[in-house]
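One letter stands for each residue in the lines below.
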Amino acid sequence: MAKMNYGKRKADLERRSVTGPDGEVFEVDPMKNYFCEAPPKVYKPSPLTPLEKFYNWCRAESIYILGFGTGCGAIEMRPLMSPMYDAYRYGVHWRPTPRQSTVFVIGGYASVKTIKRIIRSYEQMPGPKYVLAVCSCTINGGMYWDSYNTINRLDHYIPVDVYVTGCMPRPEALLDSVETLKKRIKEGRAEGQNKYAENFEWYKANQKQIIKDWDMPDYNW
Amino acid sequence: MEKVIENVQKKFSLSEVTSAHGYFITCEKKDAVSLVTYLKNVEGFKHLVLITAVDWIKDNKFQLTYLLNNPQMKKELGVRTYIERSVWPEESVMDSAHHLWPAAKTYQRELHEMFGIDFPDSPEVNEPLILEYWDDIPPYRKDFDTKQYSEDTYFPREGRETDDPATYMKEMLYPFEGEKNV
Numbered sequence: 001m002a003k004m005n006y007g008k009r010k011a012d013l014e015r016r017s018v019t020g021p022d023g024e025v026f027e028v029d030p031m032k033n034y035f036c037e038a039p040p041k042v043y044k045p046s047p048l049t050p051l052e053k054f055y056n057w058c059r060a061e062s063i064y065i066l067g068f069g070t071g072c073g074a075i076e077m078r079p080l081m082s083p084m085y086d087a088y089r090y091g092v093h094w095r096p097t098p099r100q101s102t103v104f105v106i107g108g109y110a111s112v113k114t115i116k117r118i119i120r121s122y123e124q125m126p127g128p129k130y131v132l133a134v135c136s137c138t139i140n141g142g143m144y145w146d147s148y149n150t151i152n153r154l155d156h157y158i159p160v161d162v163y164v165t166g167c168m169p170r171p172e173a174l175l176d177s178v179e180t181l182k183k184r185i186k187e188g189r190a191e192g193q194n195k196y197a198e199n200f201e202w203y204k205a206n207q208k209q210i211i212k213d214w215d216m217p218d219y220n221w
Numbered sequence: 001m002e003k004v005i006e007n008v009q010k011k012f013s014l015s016e017v018t019s020a021h022g023y024f025i026t027c028e029k030k031d032a033v034s035l036v037t038y039l040k041n042v043e044g045f046k047h048l049v050l051i052t053a054v055d056w057i058k059d060n061k062f063q064l065t066y067l068l069n070n071p072q073m074k075k076e077l078g079v080r081t082y083i084e085r086s087v088w089p090e091e092s093v094m095d096s097a098h099h100l101w102p103a104a105k106t107y108q109r110e111l112h113e114m115f116g117i118d119f120p121d122s123p124e125v126n127e128p129l130i131l132e133y134w135d136d137i138p139p140y141r142k143d144f145d146t147k148q149y150s151e152d153t154y155f156p157r158e159g160r161e162t163d164d165p166a167t168y169m170k171e172m173l174y175p176f177e178g179e180k181n182v
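Line by line, the protein sequences are chains A and B.
Counting from 1, one number per residue, gives the positions in the first sequence under this note's numbering.
Counting from 1, one number per residue, gives the positions in the second sequence under this note's numbering.
Mixed in with the good hints there might be a few duds.
[As the list claims (entries may be wrong)] A short list of chain B residues far from chain A (calculated; beta carbon distances all over 10 Å):
no., residue
1, Lys40
2, Asn41
3, Val42
4, Thr52
5, Thr65
6, Leu67
7, Val93
8, Ala104
9, Glu132
10, Phe155
[As the list claims (entries may be wrong)] Simulated DEER-style distance windows between Cβ atoms:
no., chain 1, residue 1, chain 2, residue 2, range
11, B, Glu124, A, Glu27, 23 to 33 Å
12, A, Cys167, B, Glu28, 18 to 28 Å
13, B, Asp121, A, Asn33, 34 to 44 Å
14, B, Lys74, A, Val28, 46 to 56 Å
15, A, Gly23, B, Asp121, 36 to 46 Å
To be clear, the hints were calculated from the coordinates, so they are not data collected in a lab.
Ideal Cβ placement from N, Cα and C applies to all residues, glycine included.
With the hints as extra help, turn the sequences into a complete structure.
Structure, rendered in structure tokens:
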């Protein structure tokens with residue numbers, strides 16, 4: 001019989017009383033103390049007034065990418081940082097934490113273990129936020145379409161703004177997708193964040209269907 | 001290398017010795033860990049390259065392979081053993097080798113997760129390594145239908161076409177030869 005042991009890990013997340021260095025005893029609830037469980041809000045897109053156009057221009061020209069290489073496609077981001085392609089001249093930067101990023105580049109296949117981290121990182125990113133899905137694995141599973149542990153369609157778990165096809169796409173294709181994203185932001189059509197908030201139950205149901213050790217809050221930011 | 005195998009044959013009963021693609025020796029299940037211990041302590045096979053398993057579903061057996069490396073001779077030797085293949089959810093049981101190499105612990109965790117082979121004394125063997133909360137047949141077993149599982153679980157995108165490789169080769173790559181054969 002399968003007798004996997006998850007007791008040690010789960011215990012860290014349970015509510016318990018802790019004795020401090022002064023001998024004081026206090027209650028700790030890690031799931032409540034560190035996370036906000038409120039569901040995401042829908043921000044109604046404003047009409048394209050000159051001020052809103054200016055905001056969108058600012059959003060489009062400062063693409064801050066989360067430096068989280070989730071699959072093999074993440075290797076295509078490295079030449080972009082180098083002087084050969086130099087994505088920095090297009091206003092593209094890489095940031096170390098989700099708190100400072102606006103664009104999430106999903107580089108290729110996402111296993112179940114990775115998609116859990118992807119969802120947590122995506123939810124921690126401040127809005128407005130956009131997702132670039134790179135490689136064919138995020139579109140229809142690619143060469144891992146019949147794998148037991150790799151998702152087939154990324155847009156069932158997080159909203160996707162721009163897809164980049166190819167296995168693997170060249171760095172130029174990634175740069176071109178950034179230009180496409182810029183165009184969409186300036187037109188006010190990159191509404192992935194609102195799509196996520198509107199269909200929150202559907203996304204969560206899909207996520208919970210495959211992530212069997214759901215030991216995180218429903219929404220965290 | 002032949003000398004090493006001769007020495008081993010004096011002490012253990014080997015059912016098969018092959019040297020076609022590297023040296024592999026096959027022993028009984030109860031001898032496997034003591035044979036590996038002997039190779040490590042006496043013959044100098046100090047480095048464990050990997051432990052892996054093969055599912056021979058028709059023979060109802062798991063084949064375990066311990067691949068060892070001798071850094072001084074610069075030779076590799078594989079020790080094979082066959083254990084009984086249990087029907088899931090029963091787990092096959094094998095003796096642990098973690099006391100010889102700490103790295104064996106990780107391989108045994110993987111085998112427990114992917115094949116359902118239990119190593120009772122191995123530390124942390126019951127904790128998940130890659131699959132978190134897997135509740136189906138271990139995925140590397142041959143009776144696990146990975147395509148069916150993927151279709152049931154991961155929302156396949158419609159419109160994907162797959163070709164039968166044999167007919168595709170005939171139609172696309174060698175059309176003239178295909179006609180000749182008909």
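Structure-based check of all given hints:
1. With 10 Å as the threshold on Cβ separation, the claim that lysine 40/B sits away from chain A holds: the shortest Cβ distance comes to roughly 29 Å.
2. Every beta carbon of chain A lies more than 10 Å from that of asparagine 41/B, the smallest distance being close to 32 Å; the non-interface claim holds.
3. Once the 10 Å rule is applied to beta carbons, valine 42/B is consistent with being away from chain A; the minimum gap is 36 Å.
4. Distance check on threonine 52/B: its Cβ is at least 18 Å (rounded) from any Cβ of chain A, clearing the 10 Å threshold; non-interface status holds.
5. Every CB of chain A is more than 10 Å from the CB of threonine 65/B (nearest about 23 Å), matching its label as outside the interface.
6. With a closest Cβ-Cβ approach of about 25 Å to chain A, leucine 67/B is found to remain outside the 10 Å limit, as its non-interface label requires.
7. With a least CB separation of 12 Å from chain A, valine 93/B remains clear of the 10 Å interface cut-off, as annotated.
8. With a least beta-carbon separation of about 19 Å from chain A, alanine 104/B lies farther than 10 Å from that chain, consistent with its non-interface assignment.
9. Once the 10 Å rule is applied to beta carbons, glutamate 132/B is inconsistent with being away from chain A; the minimum gap is 5 Å.
10. At roughly 5 Å from the closest C-beta of chain A, the C-beta of phenylalanine 155/B falls inside 10 Å, breaking its exclusion from the interface.
11. In this structure, glutamate 124/B and glutamate 27/A meet the distance hint of 23 to 33 Å, their C-beta atoms being roughly 30 Å apart.
12. A beta carbon spacing of about 46 Å between cysteine 167/A and glutamate 28/B contradicts the range 18 to 28 Å that was offered as a hint.
13. The hinted window of 34 to 44 Å between aspartate 121/B and asparagine 33/A holds, with their beta carbons roughly 38 Å apart.
14. Range check, lysine 74/B to valine 28/A: Cβ separation about 55 Å, and the 46 to 56 Å hint holds.
15. With their beta carbons about 40 Å apart, glycine 23/A and aspartate 121/B fall inside the hinted range of 36 to 46 Å.
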